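Asks: Residue-level listing of the chains:
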Amino acid sequence: MHEMSLSASLLAIVSDYAGRHHFSKVNTLRLSFGALSCIEPRSLELAFGVLSQGTPAQDARLEFDIQPVVVKCLTCERESASEEFPCPCPQCTSSEVILMKGTEELKLLEMDVD
Amino acid sequence: MVTISVVKQVLDANDRIAQENRRLFDEKGIYVINLMSSPGAGKTSLVERTIEELRQRYKLAVIEGDIQDTYDAERVAALGIPVVQINTGGGCHIDANMVREAMADLPLDGVDLLIVENVGNLVCPAEFKVGENDKIMILSTPEGADKPSKYPLMFHESSVLLINKMDLMTHVSFDLTKARADALKCNPALAIFEVSCKTGNGLDGWFAWITEHIERFKTRTA
Chain U
1 MHEMSLSASL
11 LAIVSDYAGR
21 HHFSKVNTLR
31 LSFGALSCIE
41 PRSLELAFGV
51 LSQGTPAQDA
61 RLEFDIQPVV
71 VKCLTCERES
81 ASEEFPCPCP
91 QCTSSEVILM
101 KGTEELKLLE
111 MDVD
Chain E
115 MVTISVVKQV
125 LDANDRIAQE
135 NRRLFDEKGI
145 YVINLMSSPG
155 AGKTSLVERT
165 IEELRQRYKL
175 AVIEGDIQDT
185 YDAERVAALG
195 IPVVQINTGG
205 GCHIDANMVR
215 EAMADLPLDG
225 VDLLIVENVG
235 NLVCPAEFKV
245 GENDKIMILS
255 TPEGADKPSK
265 YPLMFHESSV
275 LLINKMDLMT
285 HVSFDLTKAR
295 ADALKCNPAL
305 AIFEVSCKTG
315 NGLDGWFAWI
325 TEHIERFKTR
335 TA
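Read top to bottom, the protein sequences are chains U and E.
Each step along the first sequence adds one to the number in our numbering, with nothing skipped, and position 15 is 15.
To get our numbering, take the position in the second sequence, counting from 1, and add 114.
Don't take every hint at face value.
Unchecked claim - Keeping only pairs whose Cα atoms sit at most 27 Å apart, straight-line, the calculated DSSO-like set for lysine-lysine is:
1. U/Lys101 with E/Lys292
2. U/Lys72 with U/Lys107
3. E/Lys292 with U/Lys72
4. E/Lys332 with U/Lys72
5. E/Lys142 with E/Lys332
6. U/Lys101 with E/Lys173
7. E/Lys142 with E/Lys122
8. U/Lys101 with U/Lys25
9. U/Lys101 with U/Lys72
10. E/Lys142 with E/Lys173
11. U/Lys107 with E/Lys264
12. E/Lys173 with E/Lys312
13. E/Lys173 with E/Lys332
14. U/Lys107 with E/Lys312
15. U/Lys25 with E/Lys312
16. E/Lys264 with U/Lys101
17. E/Lys292 with E/Lys264
Claimed, not checked - Every beta carbon over 12 Å from chain E, so not counted as near; a handful from chain U, in silico:
18. Ile13
19. Leu36
20. Cys38
21. Arg42
22. Glu45
23. Val50
24. Gln53
25. Gly54
26. Thr55
27. Asp59
28. Arg78
29. Ala81
30. Gln91
31. Cys92
32. Thr93
These are computed hints drawn from the structure, not numbers from a lab.
Computed from a prediction, not measured in an experiment: that's the story for all the values here.
C-beta atoms are modelled at their ideal positions from N, C-alpha and C, and glycine is treated no differently.
Take the sequences, apply the hints, and build the full model.
Replies: In structure tokens:
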């Protein structure tokens, strides 16, 4: 359940910004992370919902921009997005692929506030 | 309604503390590994073997992370090595702040190698830096060869993979070729050692790796 630690860190950032930008309510938080970063959106929503009670982010909606898996093929040398990993090269079906993207850490991109 | 652009790593606060830990380790010339695996894969057995091999040559210290109890720390203390137990009280990983607090209770002067044994878990520890030089992970053969494809992040983040319990491989139908191939797809630079902490087979490669990295770090900080 690292979603609990991530939610606590997220709320610390919100609280920091609430002090500096003087808002009292967060409507939406836009987040991004890699598809392979082991973050479960529903667990994050649940943990965030519990921990945000009584804060400006209570009832805020979480939007997820999930970064795709990108593999590079060592046979045809092309990079392609993939739904899953490990996978054969989506273009030439070679199994000689390496992971290029998809493990990006959780980032807070922006928030809509009142 | 106003939109505020943030673009901030959510674990930024943890990363900052990890960097502070790292600065202190650099000052004191301590090479630090963050040891991760599933529960029961052999982390404490590897710690014991590594201590036995390196203790004549280097000064060692250990931070043990567990959800509760002090069993692992007692195993290390029995070898006469300074050890601090972190009990996360249900937390599934060690974070940088826990390590910072544990460091206060550890005699760090003159230490060459600090081993941080993380909580048994293949998911969360990969995300939380603690100030280590390298992440080291263990996969044991009874867990199955599908782990690199199920938990790619951990394999992606680690410098070394020890495939442990090789003595059991024939009994548990572990597909070594698949495990190696999938692990290298996650991380082509991964150093892989096939070992048995029980029999001691294959550990020479690991001892050579860790010795080389301690020495390389010493010359860098000297």
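Asks: Determine for every hint whether it applies to the structure shown.
Replies: Status of the hints after comparison with the structure:
1. U/Lys101 with E/Lys292: holds (21 Å)
2. U/Lys72 with U/Lys107: The given pair, whose Cα atoms are some 24 Å apart, holds under the 27 Å limit.
3. E/Lys292 with U/Lys72: The given pair, whose Cα atoms are some 19 Å apart, holds under the 27 Å limit.
4. E/Lys332 with U/Lys72: Distance of about 36 Å is beyond 27 Å: violated.
5. E/Lys142 with E/Lys332: holds (10 Å)
6. U/Lys101 with E/Lys173: violated (39 Å)
7. E/Lys142 with E/Lys122: violated (31 Å)
8. U/Lys101 with U/Lys25: violated (34 Å)
9. U/Lys101 with U/Lys72: holds (9 Å)
10. E/Lys142 with E/Lys173: With a Cα-Cα distance of about 12 Å, the restraint between E/Lys142 and E/Lys173 holds, given a limit of 27 Å.
11. U/Lys107 with E/Lys264: With a Cα-Cα distance of about 23 Å, the restraint between U/Lys107 and E/Lys264 holds, given a limit of 27 Å.
12. E/Lys173 with E/Lys312: holds (24 Å)
13. E/Lys173 with E/Lys332: Since the Cα atoms of E/Lys173 and E/Lys332 sit roughly 13 Å apart, the hinted pair holds (cutoff 27 Å).
14. U/Lys107 with E/Lys312: violated (42 Å)
15. U/Lys25 with E/Lys312: violated (57 Å)
16. E/Lys264 with U/Lys101: Distance ~16 Å between E/Lys264 and U/Lys101 Cα, so the pair holds.
17. E/Lys292 with E/Lys264: holds (13 Å)
18. Ile13: violated (6 Å)
19. Leu36: violated (5 Å)
20. Cys38: violated (5 Å)
21. Arg42: Non-interface label stands for U/Arg42: nearest chain E Cβ at 15 Å, farther than 12 Å.
22. Glu45: Holds: least Cβ distance 14 Å, greater than 12 Å.
23. Val50: It holds; U/Val50 is separated from chain E by about 15 Å at its closest Cβ, greater than 12 Å.
24. Gln53: holds (19 Å)
25. Gly54: Fine: 20 Å to the nearest Cβ keeps U/Gly54 off the interface.
26. Thr55: Fine: 16 Å to the nearest Cβ keeps U/Thr55 off the interface.
27. Asp59: Holds, because the least Cβ-Cβ distance between U/Asp59 and chain E comes to about 14 Å, which exceeds 12 Å.
28. Arg78: The assertion about U/Arg78 holds, with a minimum of 16 Å to chain E.
29. Ala81: holds (15 Å)
30. Gln91: holds (16 Å)
31. Cys92: holds (15 Å)
32. Thr93: holds (15 Å)
In the structure shown, a violation is registered for the earlier hints numbered 4, 6, 7, 8, 14, 15, 18, 19 and 20, in ascending order.
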